[in-house]
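**Student:** Listed below, chain by chain, are the residues.
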Amino acid sequence: MFEKYRKKSPWILHYNAGSCNGCDIEILASLSPKYDLERFGVVNTGNPKQSDIFLVTGPVTYRSRERLVELYTQMPEPKVVVAVGSCSCTGGVFRDMYNVEDRVDRYIPVDVYVAGCASSPELIIDGVVKALDILESKTKEMEFAKKLQNKPKIEDGIVSRKEMPRRVGENDEES
Amino acid sequence: MIEMILILLAPVFGGLIYGVERVVRARMQNRQGPPILQPFYDTYKLMDKQAFLVNPYHALLGIMHFVTLWVVVAFVIMGENLLYVIFLHLLSSIFIVLAGFSVKSIFSHIGSNRELLTIVAYEPILILVAVGFYMSVGSFEIDVIREHPSEILSLAFLFLAFLLIIPIKLKKSPFDASEAHQEIVGGAEIEFSGIFYEFLYMAKWLEYVFIYSLLILFAGDSLLLATLLFVGVFLVVNLIDNSTARVRVEHLVKIVLGVGLTLSLVNLVWLAYV
Chain W
1 MFEKYRKKSP
11 WILHYNAGSC
21 NGCDIEILAS
31 LSPKYDLERF
41 GVVNTGNPKQ
51 SDIFLVTGPV
61 TYRSRERLVE
71 LYTQMPEPKV
81 VVAVGSCSCT
91 GGVFRDMYNV
101 EDRVDRYIPV
111 DVYVAGCASS
121 PELIIDGVVK
131 ALDILESKTK
141 EMEFAKKLQN
151 KPKIEDGIVS
161 RKEMPRRVGE
171 NDEES
Chain A
176 MIEMILILLA
186 PVFGGLIYGV
196 ERVVRARMQN
206 RQGPPILQPF
216 YDTYKLMDKQ
226 AFLVNPYHAL
236 LGIMHFVTLW
246 VVVAFVIMGE
256 NLLYVIFLHL
266 LSSIFIVLAG
276 FSVKSIFSHI
286 GSNRELLTIV
296 AYEPILILVA
306 VGFYMSVGSF
316 EIDVIREHPS
326 EILSLAFLFL
336 AFLLIIPIKL
346 KKSPFDASEA
356 HQEIVGGAEI
366 EFSGIFYEFL
376 YMAKWLEYVF
386 IYSLLILFAG
396 DSLLLATLLF
406 VGVFLVVNLI
416 DNSTARVRVE
426 HLVKIVLGVG
436 LTLSLVNLVW
446 LAYV
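These protein sequence lines are chains W and A, in that order.
Quick note: the first sequence uses the working numbering, first residue 1, plus one each step.
Quick note: the second sequence uses the working numbering, first residue 176, plus one each step.
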């Protein structure tokens, strides 16, 4: 009944992993009165523990990669990562530099890639709206996993993870 | 009976005020803004989120903050003693300060320190407001104050002092140093997540109900004046929130204690001798 309201409140965490600040300015522009991302319920929280969408800009530098992974792990499930700008998608002009790790998805899984140098606010808004759909499907997947944990469906061939070690042990005893 | 319904629906009213406020603030900035029911969508989402438990006391203190605030609002609606209400509200603020100190995060500690400083700033004024009501109406009971004709003219300076502390309680510019969203990332609420943050989020709504229900005590028994006060102060607070920058916490204490306490003491002296 309330399913459709689930994706109406995405809170954004914005992290600059060594970008030239071009994309950051565009992200802030898309939150500003002219483009107004808040009409989708978006809030720029700045706190990983309370956010759903992780906006990463820039190529990953050696200095920022640990923080990037730490921020990602501090976000509660379900979460979506949006790589904003050419640098975070592919490495861009910084590719193969001695202090740069090319792109974001070498460290954390990325769901939406937003191209452009710098990405325009319209593209960023499109990316965030796309991320909302992914967020909704991830929430459904999480619910499915919870159901499986409570009631494993062995007849379907899907076994819950809670059951798995025990079954492996049983088979060993038999053989 | 109607009191029970009002008490049960108090968080819903607070959520509606918060939702309307976000739209009003957006319209003041010439943008569309979120839907009015946005706070309820937020809580619905927070229910589904994974929750990290830092330590059990941290989560428990957050929930206690919400529960005591609800009790405070219930006491206001039932018309209990104004002094009880103010001191119980102090207890709920102390819970969130303790929660902030119970984790290792440095931002949480800074936020709790600032929260304590703001309590130092606004608590004397709240108590003096209660004393002012006692001197003009003759009772601390909220019931009696509500049935008495409006005393806003003889309490004019106390009313101004009370206006000063509304932005502190609602965490609004220029007095939002204790929360400071981009500076110390929410202060004492930084380590809350998922369902535990939801309690803090709803406590914020109850804070709205509490402060605005204290505000309409100034209107006495006149419903029209109460509505006017509520709408007027609501607009003024949001206008000031949109148009000012954050002041440092030391300046906050200086401004609020310096201006607010002087205004309320002058008013009390005036009530006593004139």
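Hint data in this document are derived by calculation from the structure and do not stem from the laboratory.
Mixed in with the good hints there might be a few duds.
Said to hold, decoys possible - Cross-link-like lysine-lysine pairs, in silico, PhoX-like; alpha carbons within 25 Å at most: (1) 346/A <-> 429/A; (2) 344/A <-> 34/W; (3) 344/A <-> 429/A; (4) 429/A <-> 8/W; (5) 140/W <-> 34/W; (6) 429/A <-> 279/A.
Just so you know, these numbers come straight off a predicted model, no measurement behind them.
**Student:** The structure should be examined with respect to each hint, and the outcome stated for every one.
**Tutor:** Going down the list of hints, with the structure as the test:
no. : hint            : result
1   : 346/A <-> 429/A : holds, 17 Å
2   : 344/A <-> 34/W  : violated, 30 Å
3   : 344/A <-> 429/A : holds, 17 Å
4   : 429/A <-> 8/W   : violated, 41 Å
5   : 140/W <-> 34/W  : violated, 33 Å
6   : 429/A <-> 279/A : violated, 29 Å
Violated hints, in rising order: 2, 4, 5, 6; the structure is consistent with all others.
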